[in-house]
Structures are given as C-alpha cells and as structure tokens.
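*Asks:* Residues per chain, in single letters:
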Amino acid sequence: MTFIRNIIISFIIVFLAGCYPESNILPEESDTVYTNAHPDANFHNYKYYQLADSVLRINDYGETIVIRGTYDQLVIDRVAENLNANGFVRVTDKDTITADVDVFISDLSSITITQFWNYIPYWYYTGLNSYNSETAYAYFPLGFPTSQLIALRSNIIVDMVDHEAVIIDNQTTYPVYWRAVTTGVYNNNMYSRLVRNIDQMFFQSPYLKASK
Amino acid sequence: MKRYTIMIGIILFLLNGPKAQNDSIISLKKSINKDISLDLSWSTAVPMGDMTEQVKITSGRGVQFGLSQNINDRFSYGGSFAWQMFFNKSYEMYINNASVLTGWKRDYINAFMLLGTGKYYFSTSVNKIKAYLSIEMGASIIENYQIFGINEYKELEWHFALNPSVGLEIPASKNLGFYLYIKYPNSFSNNSSFHYSWINSGIGVYLKIPD
Numbered sequence: 001m002t003f004i005r006n007i008i009i010s011f012i013i014v015f016l017a018g019c020y021p022e023s024n025i026l027p028e029e030s031d032t033v034y035t036n037a038h039p040d041a042n043f044h045n046y047k048y049y050q051l052a053d054s055v056l057r058i059n060d061y062g063e064t065i066v067i068r069g070t071y072d073q074l075v076i077d078r079v080a081e082n083l084n085a086n087g088f089v090r091v092t093d094k095d096t097i098t099a100d101v102d103v104f105i106s107d108l109s110s111i112t113i114t115q116f117w118n119y120i121p122y123w124y125y126t127g128l129n130s131y132n133s134e135t136a137y138a139y140f141p142l143g144f145p146t147s148q149l150i151a152l153r154s155n156i157i158v159d160m161v162d163h164e165a166v167i168i169d170n171q172t173t174y175p176v177y178w179r180a181v182t183t184g185v186y187n188n189n190m191y192s193r194l195v196r197n198i199d200q201m202f203f204q205s206p207y208l209k210a211s212k
Numbered sequence: 001m002k003r004y005t006i007m008i009g010i011i012l013f014l015l016n017g018p019k020a021q022n023d024s025i026i027s028l029k030k031s032i033n034k035d036i037s038l039d040l041s042w043s044t045a046v047p048m049g050d051m052t053e054q055v056k057i058t059s060g061r062g063v064q065f066g067l068s069q070n071i072n073d074r075f076s077y078g079g080s081f082a083w084q085m086f087f088n089k090s091y092e093m094y095i096n097n098a099s100v101l102t103g104w105k106r107d108y109i110n111a112f113m114l115l116g117t118g119k120y121y122f123s124t125s126v127n128k129i130k131a132y133l134s135i136e137m138g139a140s141i142i143e144n145y146q147i148f149g150i151n152e153y154k155e156l157e158w159h160f161a162l163n164p165s166v167g168l169e170i171p172a173s174k175n176l177g178f179y180l181y182i183k184y185p186n187s188f189s190n191n192s193s194f195h196y197s198w199i200n201s202g203i204g205v206y207l208k209i210p211d
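Which chain is which? The protein sequence lines are A and B, in order. All residue numbers for the first sequence refer to this note's numbering, where the first residue is 1 and numbers rise by one. All residue numbers for the second sequence refer to this note's numbering, where the first residue is 1 and numbers rise by one.
Chain B extracted, bound-state conformation (with noise of 0.2 angstroms):
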C-alpha cells in the first residue's frame, strides 16, 4: 500500500511537471504584455475656474478616442484625441456704471485636444478591475464662439495641455472591456486667452489586441 501511494506521488509529480512550466512560461509572457489597447469614451465635463465666468452649464457633449501599447503589466503609453462642447444661451444683464446693456448671449466652446498618454496600472486588483493613474500632455485648440446681439466674437488658440485622470477599467471578456474615468483636463493660457480647465467624467470601451 505505501509502495503504491509514493508510485502515485512520482506520477502526479511527473504530470505535473510540463503544467508547472507551462504557468511559468505564461507568467513570463503576461509581465512583458504588449497588448495594444483601443478606446472610445463619452464624457461629460464640468467648467471649473476662469472658465465658469462664460459658461456655467455642465456639458454632455463629448467624445474620446485613445490608441495605447502596454510596456508591461504596469505601464501603458499612446496618445488620444479629445473633442469636448460647451454651450451656454442666456439673456444677460451688464452694468458698468450709468451704462446697462441687455440682450441674449450665445456661447459656444469647442475644445479639441491631441495627447500623449502615459498610464500606470496599479497591482491590487479585484475581480480583475485595474485601477490606474494616468496623464495625458500634448496641444489643444479651442475655439471660443460667442454671439450678442448681432455681434460676434471668435478666437481660435492653441494651448499646451496637460490632463491628470483616475480610472478604473472593467473586463467583459478576455479583450474587451469597459472603463471609468475622472480627468482634470487643463489647458494653460497663451498671450491673448484665459485658462481652460473642466473635470471631465467618462465612460467607455476598450478593445485590447493581443501582441
């Protein structure tokens, strides 16, 4: 009987040796993943700072794409494209001193944004959700389009951009998957422009392609 138990021990051993290897093989595989990852998000935005002078309104018009290349588990890099609306309609009092001009204000704020992306992928995970810091910095053009009355003001600007975000990304399948996401999209002021900030909150899908 116990020559028969310690046959059994060598041949479970044995079977499960090549297994062992295989695991290995795999974990060696997965810590230099190069998945290439693709994502589409709506989001909403919030004005924040010299922008809430103009617009008020929380957008919901807002869409971004994002191409990006794991370096490891860890670490991801690519670049987005980013287009965000703002639109504010109101009927405007302005007084300056004995002066008061009243009319209905149009404001449109069409920003467009073009990134490259550094992602860093936290190691606790939980059901397989992976958390992530990232940060985005690149150009952005906005355009600010305002109509009173039958007047119009329009400037175009490019600002250098730089966007902080937190987010969580949720697997469905083995490449697909959906994310989360809150950004402070920032883009700095230039000569003639103010300072565009907004807190962006998204939702999206991504599809990863296996290296």
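Okay, chain A solo, but in the shape it has when bound (with noise of 0.2 angstroms):
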C-alpha cells in the first residue's frame, strides 16, 4: 500500500514538474523596463538638465518620504552618466546656463500602484513633489493580467521634465517629456539589476540625444 502511494506521490511530482518547466523565477528575471516619448518632446532642442541629487519618495496618501535609500546615489549617477553619454550636459543652480529640461528620479516601491500591461498610468507633475494622474494607453499584444507575483518589489522612474512649467486648468504643471519604468521583485542585491535596468531604459530610447 506504501509502495502504490509512493507510485502516485512521485507520478504527481513528476507530472506537476512538467506542467511548470523553469517555474523558479529568479528576481531579475521578473524585471521590466518601460518607456514612453510625448509625442511633442523634441529632444534633439534640449541640451542642458538638471538632475535632483535625491530620489523622490512618496507614501499612497502622495506625501514625501525622506529618507535615502541603499541605491539611491547609484541610481541618479547612471542615470547621469547615460544622459551625458547621449549629449546632454548637467547644470546646477550655481551655473549661468538654464537648464532645458529637468530629470527627476523617483522610487514608488513602496506605494500601491497599478501598472497593467497594457495600461500604462502616465503622471504629469503638478508641482515639484506631487503626482496627478493623466490617461496614456500602450497597447501590448499581452493578456490583461489576472494577478501579480506576490513579493517586495522595487519601482524606480525616470522622468524628463520641462524646465519652464505651463498652466493647465489654472494648474502649474510640468509636462513630462520622457518617461522611464523598472520594475521588479525586490531582493538584496539589487545593484547589477539596477545598472543594466537604466542602461536599458536608454537603449530603449534611441531618440534621447542632445542637440550637438
């Protein structure tokens, strides 16, 4: 009797392991990179940005977190190397030059957020720390999904602002011109992960160049 269960116990391992082949997923492989280019952004007019030497960090309630991550100095630094190596130059409020387009860096992992595949939520900024929502479809030949791993997750963005905000229903917003999303199980060695998810995002964006 022992024997017939060992029989079926083994039968039922053997056949669920076939059912789900590689159903181990490691971290890096649940990485993705999304970007998106305003269709009026014209990036060969820009040439000068700022970068902010924080990453932004916001609570569901859209407060500011302060506090400084592991990664956060990392991140700002290759993104800062990718947009000089694409032709951009970085200035600060010391220099004399006025920055075209402002680049800032946030880290929504530890907020609820909805990222469908083929819903993309796309922010503009209303005010320098506050997000408001504004419809953006992409359209992926991907399922709707069902669920999501269950997991801590990191969710860094980039986005390229303009430097000189415009008023939308009486509101100060500053339209973002490029936007960059990776997203991914959080784990504790996230630095190879997050070098070659930003060097990505720039791959991905071949249109990001400077005006020489």
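Read the hints as simulated data drawn from the structure, not as lab findings. Quantities reported herein were computed from a predicted structural model and do not represent experimental measurements. Each residue gets a CB set at the ideal place from its N, CA and C atoms; glycine is no exception. Possibly wrong hints are sitting among the right ones.
Derived Cβ-Cβ restraints for the label pairs, each shown as a range [stated by the list, open to error]:
| # | chain 1 | residue 1 | chain 2 | residue 2 | range |
| --- | --- | --- | --- | --- | --- |
| 1 | A | 8 | B | 35 | 44 to 54 angstroms |
| 2 | B | 152 | A | 2 | 14 to 24 angstroms |
| 3 | B | 81 | A | 73 | 55 to 65 angstroms |
| 4 | A | 96 | B | 152 | 35 to 45 angstroms |
| 5 | B | 152 | A | 111 | 12 to 22 angstroms |
Using the hints, put the two standalone chains together into the complex.
*Replies:* Written as structure tokens, this is what we have:
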C-alpha cells in the first residue's frame, strides 16, 4: 500500500514539474523596463539638464517620505552617466546656463501602484512633489493580468520634464517629455540589476539624443 | 499403382477436410474480431496557427492513453486522454508608437483532452503492419499561463476538440506492438480564447487483449 502511495505521489510530482518547467523565477527575471516619449517632445532641442540630487519617495497619500535608500546614489549617477553619454550636459543652480529640462528620479516601491501591461499610468507633475494621473494607453499584445507575483518590489521611475512650467486648468504643470519605469521583485542584490535596467531605459530610447 | 495414387489422394482429401473447416472458423472469428486494445504513447508537438504568436518552440512533453475495441477487422471505437504541454521563455520587446516595454516572458500552455475515438484500418498490410485513419472528437481544457515581469495572466477554458490522424500499427508479437502516428489536434476558439492547434507526431506501444 505504501509502495503504491509513493508511486502515486512520485507521479504527481513528476507531472506537476512537467506542467511548469523552470517555474523558479529569479528576481532579475521579473524585471521589466518601460519607456515612453511624449509625442510633442523634440529632444534635439534640449541640451542642458538639471538632475535632482535625491530620489523622491511618496506614500499612498502622496506625501513625501524623506529617507535615503541604499541604491539612490547609484541610480542618480547611472542616469547622469547615460544622459551625458547621449550628449546632454548637467547644470546646477550655480551655473549661469539655464537648464532646458529637469530630470527627476522617483522610487515608488513602497506605494500601492496599479501598473498593467496595457495601461501604464502616465503622470504629469503639478508642483514638484506631487503627481496627477493622466490617462495614457500603450497597447501591447499581452493579456490583461489576472494577478501579480506576491513579493516586495522595486519600482524606479525616471522623468524628464520641461524646465519651464505651463499652466493647465489653472494648475502649474511640468509636462513629462520622457518617462522610464523599471519594476521587479526586490532583493538584497539590486546593484547589477539597477545598472542593467537603467542602461536598458536609454538603449530602448534611441531618440534621446541632445542637440549638438 | 494407379489405385494406390487414388487412395492416397482420398486420404489426403479427408485429412485436409477438418483443417479447411478449422481455417474457415478462424477466418470467421477474425472477421468479427472484438479485441480490446490499450495504448500509451509519447508525443511531440509543433504549434500551428494562432498559437505560433505565443509559442514557437516544439514541445516534447506529451502523453496519450487510449482504450479501444474492435467492431471488426476494419473499425474500432474507444476513448483517449491526452496531455500536451508547451513552454516558451524569451526576452521580449513590445513597441507601440513611442512606448516600449521589455522583459522576460514565460508562456505555459497545458492542454488536456478527453476524446472519443473512431479508427479505420486499411485492408492492405505488409508484414502485418496496418495503416489506419482515425478521428477523435471531444473536449479539451487548456490552461494558458503567462508571466511577464511581476504580472501573471491565467486563462482556463474548455474547447470543442477535433483531432484527425493517420498512423501505423506494427505488431511485435501476437498481443503486443508499436504504433506511430501523426495527428492534427484542434481546440476550437470560444468566446474568450483563440483556436489552439498543433501537429503531433508520436510513438507508442499497444496491448491487445483478445476477446
């Protein structure tokens, strides 16, 4: 009887393994990189950029969280390296040259965010520390997700916005010209993953070249 | 001498009589052959049609079981159960206007089929190898499971299934043999799912249990 039971259990294990091969997903295999350029943006008109020296974090209520993450400096430096490699020049408030665009890096890992395959929330700034949602759709040939992997996640967003604010509906707004999002399961070794994913943001945005 | 020759002829005729009668009984039995047959096979599958947009890799994970009974030498009927699994893992890049999305995508398609089978054996055979045509009809339940990044998509749908096939039965002994087949399983689209189809090629063993 025990023998038959072992046979049945072995059969079930082999069968389930056969149904889902390679089901052990490595954290780096959960990484995705999404980029979007605003149709009105002409990157050849921009050259000088300001890059915030800290990473923005907000909670579910949109309030700013002031903590410094382990990988903040890495992310800031890597974004700057890629922008510089594409011909952009970083300026600060101390410089006499006025920036054409501002670059903000946000870490939204700690908030509840709905980011589906075919619907990517596309925010624009109203003020520098708050988000407003704008409807934007990207139609990818993927089904609507029925669930998400349950794990801590990393969600880094890089935005290139106009340096000059515009008034839309009586609100001060900074239009987003370029947005890049990398999302994945968080683990203790994010260093190489963040480097690779930030590089991927620029690799899949070949239009992002500064004016000469 | 002539008389002896006639007598030997008569004796041989008489001896051959019961044998000829015996042969005719066997051939009559054969004509109403109602053997029960069990079969088990391993199958590979090449995705076709709409499926190729999701998986392109040939599957080597497939098993089919069958149970059938002959009506006569030409026809048999029965039922079968089949499982075929498709797996694809690739780094994908999706582009939509100015939006680009990249990441690892896993696709799992598990198809389970429960079918009624009708089989027609061709009369001609070489070295007792028998060719057949068969048609299987029934239901399939297909799980389509995709993982992209941290998102999962799972669909589990019933389909109407129709599988035509051709094959060869190669007897190894009186009750045991091998068989080869090529099959074209179809699971027709329903409201929310597309039409799944693939080409199966399989090899298996069969066991005939005499009636």
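*Asks:* State for each hint whether it applies.
*Replies:* Status of the hints after comparison with the structure:
no., hint, in the structure
1, 8(A) / 35(B): 44 to 54 angstroms, "violated (30 angstroms)"
2, 152(B) / 2(A): 14 to 24 angstroms, "violated (37 angstroms)"
3, 81(B) / 73(A): 55 to 65 angstroms, "holds (59 angstroms)"
4, 96(A) / 152(B): 35 to 45 angstroms, "violated (52 angstroms)"
5, 152(B) / 111(A): 12 to 22 angstroms, "holds (21 angstroms)"
The earlier numbered hints that this structure contradicts are 1, 2 and 4.
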